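For the record, the sequence lines run as chains A and B. Here our numbering is used: position 13 in the first sequence is 13, and no number is missing along the way. To convert, count from 1 in the second sequence and add 1000; that's our numbering.
Bear in mind the hints are in silico, worked out from the structure with no lab data behind them. If you're wondering where the values come from, they're calculated on a predicted model, not measured in any experiment. The beta carbon of each residue, even a glycine, is placed where N, CA and C say it ideally should be. Keep in mind that the hints are not guaranteed to be accurate.
Anything over 10 Å on all C-beta distances counts as not near chain A; from chain B, calculated [to be verified]:
{"#": "1", "residue": "Y1046"}
{"#": "2", "residue": "L1114"}
{"#": "3", "residue": "F1173"}
For the chain B half of the interface with chain A, some residues (derived, Cβ under 8 Å), not all of them [claimed, not checked]:
{"#": "4", "residue": "M1060"}
{"#": "5", "residue": "G1152"}
{"#": "6", "residue": "L1154"}
{"#": "7", "residue": "K1171"}
{"#": "8", "residue": "E1172"}
{"#": "9", "residue": "E1177"}
{"#": "10", "residue": "L1180"}
{"#": "11", "residue": "G1185"}
{"#": "12", "residue": "K1188"}
Just some of the chain B residues that point at chain A, by a computed CB distance under 8 Å [what the hints assert, rightly or not]:
{"#": "13", "residue": "R1036"}
{"#": "14", "residue": "L1086"}
{"#": "15", "residue": "R1184"}
{"#": "16", "residue": "P1187"}
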Amino acid sequence: MISRVEADFMREKRLHELDEELFYVIDEKAT
Amino acid sequence: MATGEGKTLVATMPLYLNALAGRGAHLVTVNDYLARRDASWMGKVYEILGLKVGCIQADMSNEERKLAYYADITYGTNNEFGFDYLRDNMKTRIEDKVQRKHHYAIVDEVDSVLVDEARTPLIISGPVTASQSSDLFARLRPNVEACRRAAGRLVNGLLTSVEENLEDEDKEFEVAEALLKVSRGDPKTSGSSKSGRRPESTG
């Protein structure tokens, strides 16, 4: 099922939508 | 062709033809002596035809190497070509690179170069001053840890939603999408989620 969903996303060129949540912004000055 | 039948001489023909494009042609051989000898012997043929020949030797400076690589035809060993390529990849200024783009190469003694010599990998390494490496590590570590914690929180949230919706057939797609995000966001957890484990860094 996961592979099927991934294939759907790839076919529709929407893989970037999956990754958007996975980018983390670090505030260097605050750390 | 058998030994002594003229492979090295025959190689001059395709080398000449491909060198005419002006993008450089390489002849790769197994040792410095053969590279020097063939460049000298075959060089006469190329010179008559109006081309310049270069030969890479182990003890050459960067400037000498660059001149040899910018000749129409360059003779050298697989080791020298390989290490020059690796060293070029470590250089930060384009003018410091000795090789140009690769266009055409013939490998002489191919069994030796691609079978015998290929068993020894070309590895390039250099010293890193202790202060440089530890400073960089100390500076980057908090950010990397923060990223790891953020990834852990996100993956845990996704796994919670998966657990809640696992029995619901209408949400099969959402569950698969969440698991796909888990596998892309944290491949290690994706493997362990099958066994019910979760990422350790929950922040």
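* Asked: Checked against the structure, which of the hints given earlier come out wrong?
  -> Structure breaks hints 3, 4, 5, 7, 12, 13, 14, 16.
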